[in-house]
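A.B. asks: Here the protein sequences come in this chain order: P and W. Numbering of the first sequence is given in numbering that gives the first Met the number 0, commencing with residue 0 and proceeding in unit increments. Numbering of the second sequence is given in numbering that gives the first Met the number 0, commencing with residue 0 and proceeding in unit increments.
Read the hints as simulated data drawn from the structure, not as lab findings. Check before you lean on any hint, since a few could be wrong.
Each pair may be met inside one copy or between any two copies, as identical chains are not told apart.
Below, simulated DSS-like cross-link-like pairs (lysine-lysine); rule was C-alpha separation at most 27 Å, straight line [to be verified]: (1) K140 <-> K259; (2) K167 <-> K258; (3) K50 <-> K12.
There are 2 protein chains.
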Amino acid sequence: MFYVIGLGLSDEKDITIRGLEAVQGSTRVYLEAYTSILMVQKDRLEEFYGKQLIVADRDMVETESDDILRGADKEDVSLLVVGDPFGATTHTDIILRARSLKIPTRVIHNASIMNAVGACGLQLYNFGQTVSLVFFTDTWKPDSFYDRVKENSDLGMHTLILLDIKVKEQSEENLARGRKIYEPPRYMSIPQAVSQLLEIEELRQSGTLDADTTLAIAVSRVGGGEGNERIVAGTLSELRDQPETAFGEPLHSLVIVGKKLHHLEAEYAESFAVDAQLWRDVAQRVYKCNFD
Amino acid sequence: MFYVIGLGLSDEKDITIRGLEAVQGSTRVYLEAYTSILMVQKDRLEEFYGKQLIVADRDMVETESDDILRGADKEDVSLLVVGDPFGATTHTDIILRARSLKIPTRVIHNASIMNAVGACGLQLYNFGQTVSLVFFTDTWKPDSFYDRVKENSDLGMHTLILLDIKVKEQSEENLARGRKIYEPPRYMSIPQAVSQLLEIEELRQSGTLDADTTLAIAVSRVGGGEGNERIVAGTLSELRDQPETAFGEPLHSLVIVGKKLHHLEAEYAESFAVDAQLWRDVAQRVYKCNFD
Numbered sequence: 000m001f002y003v004i005g006l007g008l009s010d011e012k013d014i015t016i017r018g019l020e021a022v023q024g025s026t027r028v029y030l031e032a033y034t035s036i037l038m039v040q041k042d043r044l045e046e047f048y049g050k051q052l053i054v055a056d057r058d059m060v061e062t063e064s065d066d067i068l069r070g071a072d073k074e075d076v077s078l079l080v081v082g083d084p085f086g087a088t089t090h091t092d093i094i095l096r097a098r099s100l101k102i103p104t105r106v107i108h109n110a111s112i113m114n115a116v117g118a119c120g121l122q123l124y125n126f127g128q129t130v131s132l133v134f135f136t137d138t139w140k141p142d143s144f145y146d147r148v149k150e151n152s153d154l155g156m157h158t159l160i161l162l163d164i165k166v167k168e169q170s171e172e173n174l175a176r177g178r179k180i181y182e183p184p185r186y187m188s189i190p191q192a193v194s195q196l197l198e199i200e201e202l203r204q205s206g207t208l209d210a211d212t213t214l215a216i217a218v219s220r221v222g223g224g225e226g227n228e229r230i231v232a233g234t235l236s237e238l239r240d241q242p243e244t245a246f247g248e249p250l251h252s253l254v255i256v257g258k259k260l261h262h263l264e265a266e267y268a269e270s271f272a273v274d275a276q277l278w279r280d281v282a283q284r285v286y287k288c289n290f291d
Numbered sequence: 000m001f002y003v004i005g006l007g008l009s010d011e012k013d014i015t016i017r018g019l020e021a022v023q024g025s026t027r028v029y030l031e032a033y034t035s036i037l038m039v040q041k042d043r044l045e046e047f048y049g050k051q052l053i054v055a056d057r058d059m060v061e062t063e064s065d066d067i068l069r070g071a072d073k074e075d076v077s078l079l080v081v082g083d084p085f086g087a088t089t090h091t092d093i094i095l096r097a098r099s100l101k102i103p104t105r106v107i108h109n110a111s112i113m114n115a116v117g118a119c120g121l122q123l124y125n126f127g128q129t130v131s132l133v134f135f136t137d138t139w140k141p142d143s144f145y146d147r148v149k150e151n152s153d154l155g156m157h158t159l160i161l162l163d164i165k166v167k168e169q170s171e172e173n174l175a176r177g178r179k180i181y182e183p184p185r186y187m188s189i190p191q192a193v194s195q196l197l198e199i200e201e202l203r204q205s206g207t208l209d210a211d212t213t214l215a216i217a218v219s220r221v222g223g224g225e226g227n228e229r230i231v232a233g234t235l236s237e238l239r240d241q242p243e244t245a246f247g248e249p250l251h252s253l254v255i256v257g258k259k260l261h262h263l264e265a266e267y268a269e270s271f272a273v274d275a276q277l278w279r280d281v282a283q284r285v286y287k288c289n290f291d
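Use the sequences and the hints to build the structure in full.
C.D. replies: Rendered as structure tokens:
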């Protein structure tokens, strides 16, 4: 059996019992390290699971899938992924490959940011499509995300924005010389994300986003528990002007609040507000929330 | 500490290690039985957890929250919910109440249908807002869901439709006489859901849904593993005309495929198709998918 196992959002204890049993019964266990970063080190996972883990970067999962799948028709092999196997990044390629090799597969689900974002108090029902925001450079500012945010916004829906992560990035020089030397990982911060959003709004001028009247919620290390998870709500300008330390370590995601905001959603999120009075004022005046 | 713990989607082994530890350290453990139904009985959960569970229906969670929260400032109390605490139904009320009583709370996330639906092969990125479909009666056919499906469809997005569940339903007579006697639980089937969708399309005539050219995927008992989870893909008429047994036991959800369908999504789902040739034909001809 080939297992694809979601690890959930935070640390070694977020695996499910079913997932742990599969890990412990597997001959080989791969740990995918690519789109997202667990808030825990590999050796701590190994100690807790009582198993050695083979780190598989995304390249390996894509190009060496037959190596990973080797023998999985006769014994159990597991691939561990952060979040859910069908969360923000899917693992359909390797499952399709397993199918074509007649290897039975089983997916063991877990939480992902796509549902855990509900922790900010906004109803998942009221979210439209999820978008990704990549690091802008001086010459490359891909802005198709803006159309998606606008589509959601026009319907009054909230938008979950997943912020870019750069791992295994090569400098131009190392890339040119074919040297497999990688830069330290980079994670987009909330202030940077908001700045990029407002930069595109400035260009497009559709009125979708406004520094002072668009509400947003920054969600950091969701599922990380007391003292680790952090949720900060405010206007876009408030979030942009926070020091980056206000949000703590990665990973961060950003939610743009849609106009159908319900007063119960607003009330729940108010406890996370930079300025509760301003939050409530904008929710009432701009979002037309009726508080009791 | 007051814990709200997601149980995941299928059975007693879907709880996380962190969740299990919280359960085992709690003085009282409540099991919420309302919007969704775990595929396992209470006594099996109790045996596995080594704890007695107190069943709390939604009424109790809403109206007797102070009883549930009693003492949670000094000892640990857990509330178990199917899926994720912030999945399709949120548990914000009782958390707000705990906050106002100065009781520390922690949410332990898990998979919910909102992310596990990715198992059908469609990318979560390409889903718009989620909708609920309730049982029609002769005199009450609430159709606001149709506007949401149309909004998603106009943007090319997929729609996850959660099908109605009736638990603790009273007959008119029992209701009139104030007798707390409840009917057996009812779960909307896939054929019934499709019939209701097409009934509203017939009334509205917006061309959003078409029996023969709209693709959809029925997702049953997702996360239930081999021989339990079932995914069936086809045109709306194909799904409507399947015997109800084709989808097995509850719970069932339905995905309406949006026009931005990517050929890799279509290929993945093709293995679930009632008729692979027809699936591929509609995906190419109507959805303009380019298969290699």
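A.B. asks: Pop the pair K50 and K12 into one bin, within, between, both or neither, using alpha-carbon distances up to 27 Å.
C.D. replies: both (15 Å within a copy, 20 Å between copies)
A.B. asks: Tell me, please, which holds for K167 and K258 at an alpha-carbon limit of 27 Å: within, between, both or neither?
C.D. replies: For K167 and K258, neither the intra-copy (39 Å) nor the inter-copy (35 Å) Cα distance is at most 27 Å.
A.B. asks: Checking K140 and K259: alpha-carbon separation at most 27 Å within a copy, between copies, both or neither?
C.D. replies: For K140 and K259, the Cα distance is within 27 Å only across copies (24 Å; inside one copy 30 Å).
Comparing the model with each earlier hint shows a violation of hint 2 alone; every other hint is respected.
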